[in-house]
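Engineer: Line order of the protein sequences matches chains A and B.
Numbering-wise, this note's numbering puts 644 at position 644 of the first sequence, and it's gapless, one number per residue.
Add 1000 to a position in the second sequence, counting from 1, and you land on the number used in this note's numbering.
Simulated from the structure, these hints should not be mistaken for lab results.
Do not rely on the hints blindly, as some may be mistaken.
The list that follows gives simulated cross-link-like pairs (lysine-lysine, BS3-like), each with its CA atoms no further than 27 Å apart [said to hold, decoys possible]: (1) A:Lys513 with A:Lys443; (2) B:Lys1146 with B:Lys1130; (3) B:Lys1146 with A:Lys585; (4) A:Lys585 with B:Lys1130; (5) A:Lys161 with A:Lys443; (6) A:Lys233 with A:Lys161.
As the structure is a prediction and not an experimental result, all values here were calculated from the model.
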Amino acid sequence: MTEQSCFLYRTMQLIRVCEEQLARCHARGLIHGACHTYVGEEAIATGVCWRLRPDDAVFSTHRGHGHALAKGMPPFALIAELFGREPGCSHGRGGSMHLFSPEIGMMGASGIVGPCILQAAGAAYSFQLFGGDRVAVAFFGDGAVNNGAFHEGLNMASIWKLPAVFVCENNQFATEVPFQYAAGNPDVASRAAAYGMPGIQVDGNDVLAVAEAAEEAIRRARSGGGPTLLECKTYRTRAHAEGMGDYTYRTREEVAAWRERCPIRRFRAGLITSGEATEAELDAIDAGIREEIRKAGEEAERAHWPRAEAAAAHVYAARSRAHAPEPVVDSSPRPPISLAAATLEALDYEMERNPRIFVLGEGIGARGGNFGTTAGLFAKYGAARLRDTPISERGFTGLACGAAMAGARPVVDFMFIDFLNDAFGEIVNQIAKMQYMSSGRLKMPVLLRGCIGIGHSAATHHSGSYHSIYSHIPGLRVVVPSTPYDAKGLFTHALRCDDPVLFLEPRELMSTKGAVPAEPYEIEFGKARVVREGRQATVAAIGPMVQRAAAAAEALAGEGVSVEVLDPRTVSPLDTPAILASLHKTGRLLIVDEAFGPCGIGAEIAAQAADAGFNDLDAPIRRLNGAFAPTPYSPTLEAAVTPPVDRIVAAIRALIEE
Amino acid sequence: MAIEITVPRLGWSMEEGVFSAWLKRDGEPVRMGEPLFAVESDKVTMDFESLDSGILHIPYDAPQPGDVVAPGQRLGYLLMEGEPAPEAMSIPAARAETVARPGKAPVTPRARRTAGELDVDTAALRGSGKGGRVREIDVREAFARKTEAPPPVESVPVSPLRRTIAARMMRSRENTAPVTLTRRVDATEIVRLRKQWKLRGETPPAYTDIVMKLAAVALQDHPLLAGRWEEDRIVLAQGIHVGIAVDTPHGLLVPVIRDVPALSLEQLAARSRQLIAAAQSRRITAADLEGAVFTITNLGAIGVEAFTPIIQFPETAVLGMGTIRWEVVAEGNGVLATREQMMLSLTFDHRVIDGAPAARFLRTLAALFGSPYAHCGR
Ligand SMILES: Cc1ncc(C[n+]2csc(CCOP(=O)(O)OP(=O)(O)O)c2C)c(N)n1
Ligand SMILES: [Mg+2]
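If we strip away everything but chain B, and leave its shape as in the complex, we get (with noise of 0.2 Å):
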């Protein structure tokens, strides 16, 4: 009677293995206590004796080095001298799968055949059939993939403006370590500033030209925000230049406002609505598009209450403006009373200030709002 080697359970929870390499050659005598065979199992790799002596006989099916295997699973025979051999005795259906040489998918003949008639490459194919065998299906959707356009998605195309601005964004990205503060303000003085102007029937300055003033006037108090990192050192601010986002059809544009401390804030809003109306047409020139140290950035207008604006590189700083709008202040002697409140963000560059430092900046650009007055006359 030939005599079956299976593979060993190696282990109470080996569920499979990896067939390593026989030791010995097909039809070799082998004798009990030899080394046989090799296997594979949780990366550890044993030789097994054999359990019987006889001639090895390796069925033409047996599995292959490489091929995982199961307990139990019949590996070959010990044969006695002159007996035959009983050959490719089935596999159990349930083991077959196991057996598959790994990389070499089945393709069922259905599917060999279409891939011929359409020139498809099966071995390049996963299967979505049991085992990963390569079905019809398969080779008709490698088909339409290799043949169909690529399905139609809506396009922009990308302008020099949004490739410019895309850059940018990416260099602030990239070269600075950007913190955000947010603070409450009270803007109660600053919307009274604007009535008044328009009391007078004068056309008032935007929230922006008034933040703008007294943003420049706290800058001189804390002139790292306005300074630039130049590695060994960081470079001050020799005037205070700010930038003014402004949204136009083509995409953010940065006008830029020189020397704010030295214009009123009538000269200051005039310049400002200058500057929005040709970056709005882009009639802009590329000065007024340089040298900002400091940007300023609004979106109260549309409702946003706090963000995290980015950077203009190489500035330090960007101040976010939030919307305005009423809120119930609880005052110090417990009496309830109701407020115009801003959110302020200030996105800082934490490699040139740290946030306390930062956070002061907003602390006296806070004490600002409460009165403006003094800077923010005719």
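Isolated chain A (complex conformation) (with noise of 0.2 Å):
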């Protein structure tokens, strides 16, 4: 037997001996949630896998046992997984939708259909910049192909020419939902005309035609040649997950049929019938699997829980180096800069001497972004650290993920934040969960920047401030600058730390200038700055407010108010202690944000500040946000929607006199 026949045999009996005995498993009530199983499938992972290195990257799907375990995933930490179990590969975080083993290039599955797509082609677009010959895979159903993510994800690496191969596991249902009634054209392969990429069709139940067109898709991926679409037409024979009904949306008479085509069966009788091994060779191999599947299954089922106080562990990146201190304003005296040259100052110098930077956005290039957020880089750093995108919110943000996940800093320019809601789901599903879902073994330094708030009359697709939504979702930090000084301190930090950030920067404040020390500083996250002292009232404003609530200060220090104006400078993390500190001084607390007032930050503070701070309360806590209704375009519509001076200084009086 060759070492690639025995490969294949090997691996699709592992595959289907692991997922019968995780079927019974399920029956016997061992697994918790979701199973769903690859039988029928085995050649496809397999074939692909053959060839694949373990510093390849493989992206998975909800259907994931069988690339785990291909990829070299042993099956007790398949199994134990499923068990939920502290030794399976995801530590119990995952189960069956969340296999993740980064060491073996095991990137991850998926529970939503599509984003491993986009991660793919941002894994191949990080061994692009890094250089070398890894290739990124990403295995999918039919039903991922009708979705964005394979239309964005799929032009984005034709474009860059991407070392990635994108796997079609068409098994002929979503569910229940057949792929000839949901596709405008069923032919998969096909639609990779339409990126301009190759695209081939192979029977996925015959693992050797798998291996070969896979093995080319590889060849060419390595070779840099590009991204191929690899189409392979299978049926799965068990029900969509154990447990569900399998016969209201297709006969006895079909899955029997497709029984019949076991591409293990298939494999195997090709290996008897050339001669290249003999059935008791292999009936040694299956007992041989049938045993170690056996005793996997028992030391899964011996293995420890995990403990209870790990369940929020690895949401953010372990702190790793300490902070100096930040630099005082004027140690370097120089012409004052604004918010914008803060951050592209910032971003120059870390692009400089880290090269994992990169930026995606549109017109981030040599136009330099729309906010001249990148004025000067392309020329320095070149096209593929300088990226400009196609209009693909979610297509770039995803991809922006996959690259993370495999070791680059992607810097996403939304330009305006609004634009960045396509992408919530790649966001809070992706992004926000993977260092938690990896236990801490992939590091996510994504930074997410746009501009926030109302003005210019913009509109209500160009002023959104969706900061709060934001800093609901645990693994993100906010980030909020309302100072040139801070944006660079804060943004050094984003570029330094592990954390996916959002940096949120107010469009009204991008051109206000201010002094910034030359030398580069970090500020760390969660640090609230004290605008101004006062004693009577403490106003915490949020990033276009800072300013407006400072104004409203001065105007009450001419009456003989003293107000206390605090910058929380990130919303998550909140610096509750800073604004806690401040209230039991003064006694009041105001919070003004421009956005929603509904479940917005200002609810989060003014909770905190009730819970934490309740004995410090000499008035009710207050809120000033801007109108509940989207953002209109005139401009006296417009002055309507946004807290003014004047009503944060009667808001402030308001609250003394309460």
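With the hints as a guide, bring the two chains together.
Structural biologist: Laid out in structure tokens, this is it:
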């Protein structure tokens, strides 16, 4: 038996035996959640992984057991994970749909259909950026090809000639919806033409055909020939998930017919016919595998449970460095610079010293960004590191996710944060959760930046402030700077920390100038700045409201009213101790945020203050927010939806009179 | 659907009323037209009949008897059998204050904490916040009031003499019916009289001495002014002993010159100089401060023109002397002349004598001012 035949037979059989064992375990109640088996489709993962190296990356789906095993995951790590045990590949954090083993290039399975395509493109982007010949593979079902991620991912992979292989496991159903019904063009391979890449269709139940086609695609990717779409036609012969009914949408006869086309039986027959192996040899392999799986299952049943204290570990990267204190502003006297220039300075400096940083965005290349956020960098660092993108916000955000998983530090420049909402799922489901799901084995240094705030008659799709929404999500850091000095320090920190950061720049402040030290420095997240000290009331102001709150405090100072203004600078993490300390001093708290009031960061601050600062309160906690309405265009309407200085003054006064 | 029971408007002008009572119990079935609750407005309590039928539900945050309520404010609900209560529908913020329990001012958490630290009883405080809410500042101020020494004021101890004066003044105020009359008199002749003494190289009598002498003459024609009210009778004076108000460093003293009609002006002047000196040095005897039937007080030297002197109880009258000054006086034939004029202020006890007879005393005295010589020989 050749090495290849041995790998192909052994791997397919291992997957099959393991899946059948898992199906039994599911019936016995050992598996607590979903269990999607790969029975009938073993040839695909096996054939593709045959030519993959451990340093190549695989991005998988809800039906990922086969991918994990083919990529080299020991059955025990898989079974233990489904049993919810601590030695499982995701330490019990994931289960069937979230299998992580980045050490062997199993970059994770996803419970969301689609993102794996973008993540594979992203990893391929990193591999291309770093040089070398590593390849990224996405496995996905026929259900994923009608998803935007497929379109955006394949298009980007094509235009940038990324070393990726997109493997569609067309088992003809998405749950119970037939692909024939769901696809305008049910020929998946032919869709490759739409993106300008080769599209190959193979019999997914013929492991040699899959291996051959995959080998060719992998070779093309390694040698800089770009991506390939590989459609493997197959059929799953068990239900969509264990415990689900199977014969409402397909017949027993159809399933039985496909069982007859079992890829393992077929390959085995070939081996025997060609004389490469005997029945006895193959039976011995089968017996060995059965024993291995039985043992793995027993061991997994005995494996210990994760400790409850670990439930919220790895949400953020461990802090690795001590931080130098913030420098004094006038340490290097020079003319004031704008907020945009301050972040540009930080970005330039970090890009120079860290080749893993690259920028994605529309018009951020030669044009230098809509707000000049990358001005001059294209000439210095080139197209690969200042990558103009198609208008595929979801796509390049998902790509950034995969790039970070593979070791790069992507900076995604959205211009306006409104556009980032198109990528909500990639941020919330993928980027934010990846460190946790991988139990800290993957770092996610993704910097997502864009402008927030009302002004310039930008109207409702260029004026959003969504910091509150993102501060609700564990795993994200949310920064809202209000001065050039803060912006530079916070941006530098964002480029050095290992967590995903949303850097939300108030558009109305982009050109305001301030003193900024020329040397690089970091401002730690979660450290509020006291903008102005006072005794009678605390105003916590967010982003564009900081200046207005300071102006209000100044106006009141003229009347002898002493107001303290705090700029949290980051809304996640929130410097609750600083807010409480100020409240302890003043007894009154007003939160001014241009964003919508309900469920906003102001509500969070108020709740924390009412909880931990209850005995300090000498008045109710108040919020002042923008109107609960989309941003209108006309200047008179626009002015009416954002809190002006005089309303802040009135709110403070009212608070002091309470 | 739960039916809301709200405070009805009692007449067009009703802004608020006081909730008096429920006339049904929580959970009790109510039929349309049955009396349901009572509200008081403009001091009239009215029973209100239910507009619907149902089971009365009184929420925990409903107004209590005695609470101020506004028309439209929700009092409770009528529910159908088995219908769940729409619990704790929040009262509109604007109303919340009017619903605040009387007597129980809300205290902010910070004020409560501070009160604990400073041991201040918040129940006794009047809050400076909205709706009387007790705030930190109220607690701190209460604490300051509690601990602070009274603010330092400059004070002068009350001497026994001062106390006596005070008592006598109050006795006069409480026991007389004082009326003050003022009258301008021509002082030209008494000024000349004094000048003559000076020209002779003799120490002239004080104006007070001269006026005392003339007043004593006038009192003989108007004895009631030297009388004493004794409820059932007025006791007339046996001798015209006249007090003279003396401003001493210790306070007012009134030495008495006895039997003034019996003294020549020279004797009188000598006696008064002697008594005044004794008073100033506080060596005067009690006997010299007793027995006056009339008193003269002179503020003219300090520039006062007219005033309302206070009667030295139990005397009946006191005569105040104003300053003497040149004034232009129209004479009968239209000629203007300059004369030295003085204002006399007579305060008398109206119980003893009426205004007109008192005025006549002043007229007599004015006449004596015109020709003092007969009484002011040496
Ligand atoms: C974005 C998204 N939508 C819906 C689902 C629910 N879901 C889980 S598996 C599945 C069918 C996926 O079909 P396919 O991609 O063909 O994979 P297969 O199960 O056939 O292997 C669906 C709809 C999901 N996980 N993600
Ligand atoms: Mg499918």
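Engineer: Compare the structure with each hint and give your call.
Structural biologist: Hints versus structure:
1. Distance hint between Lys513 of chain A and Lys443 of chain A is unfulfilled; the C-alpha atoms sit about 34 Å from each other, more than 27 Å.
2. Of the pairs offered as hints, the one joining Lys1146 of chain B and Lys1130 of chain B holds, with about 24 Å between alpha carbons and a cut-off of 27 Å not exceeded.
3. Taken as a hint, the Lys1146 of chain B and Lys585 of chain A pair is honoured in the structure, with Cα atoms around 24 Å apart against an allowance of 27 Å.
4. Between Lys585 of chain A and Lys1130 of chain B the alpha-carbon distance is near 21 Å, which keeps this suggested pair within the 27 Å criterion.
5. This hinted pair checks out: Lys161 of chain A and Lys443 of chain A have alpha carbons roughly 25 Å apart, not beyond 27 Å.
6. With a C-alpha separation of about 25 Å, the suggested pair Lys233 of chain A and Lys161 of chain A falls inside the 27 Å cut-off, and the hint holds.
When held up to the earlier numbered hints, the structure conflicts with hint 1 and nothing else.
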